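I would like the entire structure built from these sequences, with the hints used as guidance.
Here is what each chain is made of, one letter per residue.
Number of protein chains: 2
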Amino acid sequence: MEDNTVRFGLLGCIRFASKFVRTVTQSSNAVIIAISDPTLETANTFATANNLSPETVAVYGSYEELLNDPRVDAVYLTMPVTQRGKWAVTAAENKKHLLVEKPPAQNTAELEKIVEACESNGVQFMDGTIWLHHQRTVKIRESMFHSGLLGDVRHIYSTMTTPVPEQVLERLTKEAMGLAGAIGELGWYPIGAVLWAMSYQMPTSVRALPSSVTTNSVGTILSCSASLQFASTATAIVHCSFLSQLSTDLTITGSKGSIKMNDYVIPYKENTAWFEYTSGAKFVDMHIGWNMVPEKVTVDCSGTEESQEAMMLQEFVRLVQGINRGDSEVDRRWPKISRKIQLVVDAVKKSIDIGCEVVYL
Amino acid sequence: MEDNTVRFGLLGCIRFASKFVRTVTQSSNAVIIAISDPTLETANTFATANNLSPETVAVYGSYEELLNDPRVDAVYLTMPVTQRGKWAVTAAENKKHLLVEKPPAQNTAELEKIVEACESNGVQFMDGTIWLHHQRTVKIRESMFHSGLLGDVRHIYSTMTTPVPEQVLERLTKEAMGLAGAIGELGWYPIGAVLWAMSYQMPTSVRALPSSVTTNSVGTILSCSASLQFASTATAIVHCSFLSQLSTDLTITGSKGSIKMNDYVIPYKENTAWFEYTSGAKFVDMHIGWNMVPEKVTVDCSGTEESQEAMMLQEFVRLVQGINRGDSEVDRRWPKISRKIQLVVDAVKKSIDIGCEVVYL
Chain A
1 MEDNTVRFGL LGCIRFASKF VRTVTQSSNA VIIAISDPTL ETANTFATAN NLSPETVAVY
61 GSYEELLNDP RVDAVYLTMP VTQRGKWAVT AAENKKHLLV EKPPAQNTAE LEKIVEACES
121 NGVQFMDGTI WLHHQRTVKI RESMFHSGLL GDVRHIYSTM TTPVPEQVLE RLTKEAMGLA
181 GAIGELGWYP IGAVLWAMSY QMPTSVRALP SSVTTNSVGT ILSCSASLQF ASTATAIVHC
241 SFLSQLSTDL TITGSKGSIK MNDYVIPYKE NTAWFEYTSG AKFVDMHIGW NMVPEKVTVD
301 CSGTEESQEA MMLQEFVRLV QGINRGDSEV DRRWPKISRK IQLVVDAVKK SIDIGCEVVY
361 L
Chain B
1 MEDNTVRFGL LGCIRFASKF VRTVTQSSNA VIIAISDPTL ETANTFATAN NLSPETVAVY
61 GSYEELLNDP RVDAVYLTMP VTQRGKWAVT AAENKKHLLV EKPPAQNTAE LEKIVEACES
121 NGVQFMDGTI WLHHQRTVKI RESMFHSGLL GDVRHIYSTM TTPVPEQVLE RLTKEAMGLA
181 GAIGELGWYP IGAVLWAMSY QMPTSVRALP SSVTTNSVGT ILSCSASLQF ASTATAIVHC
241 SFLSQLSTDL TITGSKGSIK MNDYVIPYKE NTAWFEYTSG AKFVDMHIGW NMVPEKVTVD
301 CSGTEESQEA MMLQEFVRLV QGINRGDSEV DRRWPKISRK IQLVVDAVKK SIDIGCEVVY
361 L
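Chains A and B are the protein sequences, given in the same order.
Residue numbers for the first sequence follow the UniProt record's numbering, beginning at 1 and rising by one.
Residue numbers for the second sequence follow the UniProt record's numbering, beginning at 1 and rising by one.
If you're looking for bench data, these hints aren't it; they were derived computationally from the structure.
Owing to the predicted nature of the structure, the values given are computational and were not obtained by experimental measurement.
Just so you know, even glycine gets a beta-carbon here, dropped at the ideal spot from N, CA and C.
Watch out, some of these pointers could steer you wrong.
Said to hold, decoys possible - Subject to a maximum C-alpha distance of 25 Å in a straight line, what follows is the list of computed BS3-like cross-link-like pairs (lysine-lysine):
1) A:Lys-296 to B:Lys-296
2) A:Lys-256 to B:Lys-336
3) A:Lys-19 to B:Lys-336
4) B:Lys-269 to B:Lys-282
5) B:Lys-86 to B:Lys-113
6) B:Lys-282 to A:Lys-296
7) B:Lys-296 to A:Lys-282
What the hints assert, rightly or not - If you want the footprint, here are the derived chain B segments under chain A, 3+ residues with CB under 8 Å:
8) 73-82
9) 315-328
Claimed, not checked - Far from chain B by the CB rule (all over 10 Å, computed), these chain A residues:
10) Thr-56
11) Thr-82
12) Trp-87
13) Val-89
14) Glu-119
15) Phe-145
16) Leu-179
17) Ser-279
18) Met-292
19) Arg-332
Here's what the structure looks like:
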């Protein structure tokens with residue numbers, strides 16, 4: 001183990017956290033040294049299921065204990081969104097760098113408290129929007145945006161839908177899901193995708209679409225579509241739902257070209273990913289076909305630490321190491337992106353609250 | 001030439017009508033026997049460019065002359081949309097069956113006049129929405145909808161965008177484009193696609209999306225997005241624009257599966273077409289990939305008269321022959337579909353007119 005290895009602790013032992021454990025285990029400069037859950041049994045079961053040996057990994061029955069462990073450099077938060085704000089701030093105050101599952105907070109005010117706590121305590125904040133770190137994402141930016149193949153962005157369509165069994169839908173409480181419901185849990189992705197496609201230009205207004213909004217009997221938002229308007233005459237549609245089959249579409253239509261991915265959140269396969277594009281497409285003479293078929297660009301990620309999780313971990317570790325060495329300040333780019341996404345999530349939620357009227361940003 | 005061959009005349013000699021000539025020429029039971037244009041020179045040039053011999057094809061310098069030619073069974077109308085209503089009615093009164101380029105009229109009232117004229121004169125009406133006749137379209141209906149692979153339709157996204165050079169945008173007048181502008185000329189397709197995907201259930205309401213609407217200096221609508229709401233909790237987004245690169249996307253997300261085509265209006269290639277679908281898609285354990293990649297279904301249309309144009313022509317010819325033989329009445333299904341699309345086009349236009357407010361249907 002290198003001296004600058006980042007030592008992680010888990011706040012929350014949900015099943016999904018196994019993915020993070022796997023990524024850290026495969027990395028060369030990070031390690032899990034502690035896990036915690038308010039239910040000790042949950043933590044113990046998680047340790048066994050993930051082959052975390054009691055000799056190297058401390059198992060705590062409370063978040064406090066883990067945060068008081070001075071050996072822990074950084075924490076990965078996966079507890080329900082309604083608790084993230086409180087524990088993220090506490091973690092920052094305990095000088096732990098923060099990697100927080102998305103959505104990192106219930107609203108912008110809460111997120112700002114987290115980010116401020118991180119800044120004043122000199123620890124790094126990053127939310128767990130993994131796909132932003134994928135090599136494909138980087139490749140599209142270079143090969144389509146910077147090259148001019150796309151032209152000006154005119155229209156964006158993005159979704160995140162995943163089906164929840166009918167009997168479970170009613171159990172999605174606001175305590176578990178937060179006030180924004182599906183908009184926070186799922187909509188975070190398409191909203192983030194739109195902002196990414198717009199190079200983080202903010203929309204001028206947002207509107208939830210009438211009748212796209214469904215809730216369960218306790219008022220948790222289960223589905224929602226919204227439109228986002230930009231000063232540059234670009235418009236975007238985001239759609240999130242617990243009522244549809246899995247879909248994670250991102251289509252960007254520009255003045256000169258277009259880009260499509262149908263697996264932008266999590267690629268179909270871990271070791272390879274692709275996107276399709278056209279540029280300068282038109283119908284051929286007599287309109288009996290196109291002058292091209294979409295070009296498929298494949299990105300190889302089969303190397304060690306090339307999965308999007310590994311890329312995210314490496315970016316986080318790099319920032320933490322820089323701060324720990326005293327070489328660099330806390331990076332402000334990632335918290336800024338989180339805040340912009342959260343602002344739009346809040347605006348969509350507000351639009352719903354006021355009867356799907358326009359909300360200006 | 002068989003006795004029941006349908007003898008076509010063209011009302012309008014725009015360049016695009018060459019496609020129809022080509023399709024008829026390749027067919028075994030239809031023939032072009034006359035063409036007409038208010039400018040005789042245009043008609044003559046068209047005849048030469050399309051190898052239409054003066055020995056077999058009459059060339060008229062007015063629509064009236066063609067409509068007075070008793071040998072003509074059916075006409076194909078391609079003149080500007082603002083003139084279609086008048087000439088379609090006149091053609092019907094002259095007992096000519098009607099194949100009318102889309103949009104067939106400027107609004108529902110005008111379309112109803114055309115359809116009524118056809119009914120009372122015992123001639124067939126069909127608009128030229130070619131893709132509805134493609135074998136792929138039929139295949140999707142059977143293999144995805146009827147089979148249950150898609151489940152209930154939850155969300156639909158459809159576009160038709162095609163770039164018009166900046167200097168030409170200003171020349172798109174309401175006289176040429178009709179009052180609905182891009183909504184009629186382009187939006188006809190995505191609106192029709194949504195209705196098709198909803199098995200022609202009508203939306204309960206429609207709304208143009210604020211700031212998605214752009215116009216040129218003479219007020220012609222150049223781009224527009226709109227949302228359509230259905231009683232069955234399905235929502236749809238349609239987008240049309242003269243400001244973006246060519247895009248013709250149709251994505252249907254259902255409770256169990258999803259379907260995608262990015263070339264639904266005119267397939268990339270004439271002799272083959274495909275769509276992609278998933279059904280029962282989910283993330284694999286630990287969310288490091290999907291349990292499937294989209295399945296690509298290819299439909300071969302390389303045979304004679306298997307292009308979508310040929311399929312449309314054959315359907316029209318079949319109906320006309322049935323009527324001419326006295327075997328069948330005028331078919332009401334196609335005019336009904338046209339009317340439903342036109343009703344939604346009108347509703348989107350109305351929403352724009354009232355400041356992007358909701359229009360109930």
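Evaluated hints:
Proximity of Lys-296 (chain A) to Lys-296 (chain B) is assessed by CA-CA distance (about 14 Å); at most 25 Å being required, the pair is judged to hold. At roughly 37 Å between alpha-carbon atoms, Lys-256 (chain A) and Lys-336 (chain B) are farther apart than 25 Å, so this suggested pair is violated. Between the alpha carbons of Lys-19 (chain A) and Lys-336 (chain B) the distance comes to roughly 53 Å, so the proposed pair goes past 25 Å and is violated. Restraint check: the Cα-Cα separation between Lys-269 (chain B) and Lys-282 (chain B) comes to about 32 Å, which exceeds 25 Å; the hinted pair is violated.
For the hint linking Lys-86 (chain B) to Lys-113 (chain B), the alpha-carbon distance of about 9 Å falls within 25 Å, and the restraint holds. This hinted pair checks out: Lys-282 (chain B) and Lys-296 (chain A) have alpha carbons roughly 23 Å apart, not beyond 25 Å. For the hint pairing Lys-296 (chain B) with Lys-282 (chain A), the CA-to-CA distance comes to about 23 Å; that is within 25 Å, so the pair holds. Only residues whose C-beta sits within less than 8 Å of a C-beta in chain A count toward coverage, and the region 73-82 of chain B has 0 of them, not enough to reach three; the restraint is violated.
With a cut-off of 8 Å between beta carbons, the region 315-328 of chain B has 0 residues touching chain A; three or more are needed, and the interface restraint is violated. Non-interface status of Thr-56 (chain A) relative to chain B is upheld: no Cβ of that chain comes within 10 Å, the nearest being about 21 Å off. With a least CB separation of 22 Å from chain B, Thr-82 (chain A) remains clear of the 10 Å interface cut-off, as annotated. Remark: the non-interface label on Trp-87 (chain A) is consistent with the geometry, its nearest Cβ contact in chain B lying 22 Å away (cut-off 10 Å).
A cut-off of 10 Å between C-beta atoms confirms that Val-89 (chain A) is not in contact with chain B; the least separation is 27 Å. At roughly 31 Å, the least C-beta separation between Glu-119 (chain A) and chain B is larger than 10 Å, which holds for a residue marked as non-interface. Even its closest Cβ contact with chain B, about 14 Å, leaves Phe-145 (chain A) beyond 10 Å, as expected for a residue assigned away from the interface. Here Leu-179 (chain A) stays apart from chain B, with its beta-carbon at least about 22 Å from theirs, past the 10 Å limit.
Non-interface call for Ser-279 (chain A) relative to chain B: violated, since the shortest CB-CB distance, roughly 7 Å, does not exceed 10 Å. A Cβ of chain B approaches the Cβ of Met-292 (chain A) within 10 Å, the least distance being about 8 Å, so the stated non-interface status is violated. Every C-beta of chain B lies more than 10 Å from that of Arg-332 (chain A), the closest at about 29 Å, which supports listing it as non-interface.
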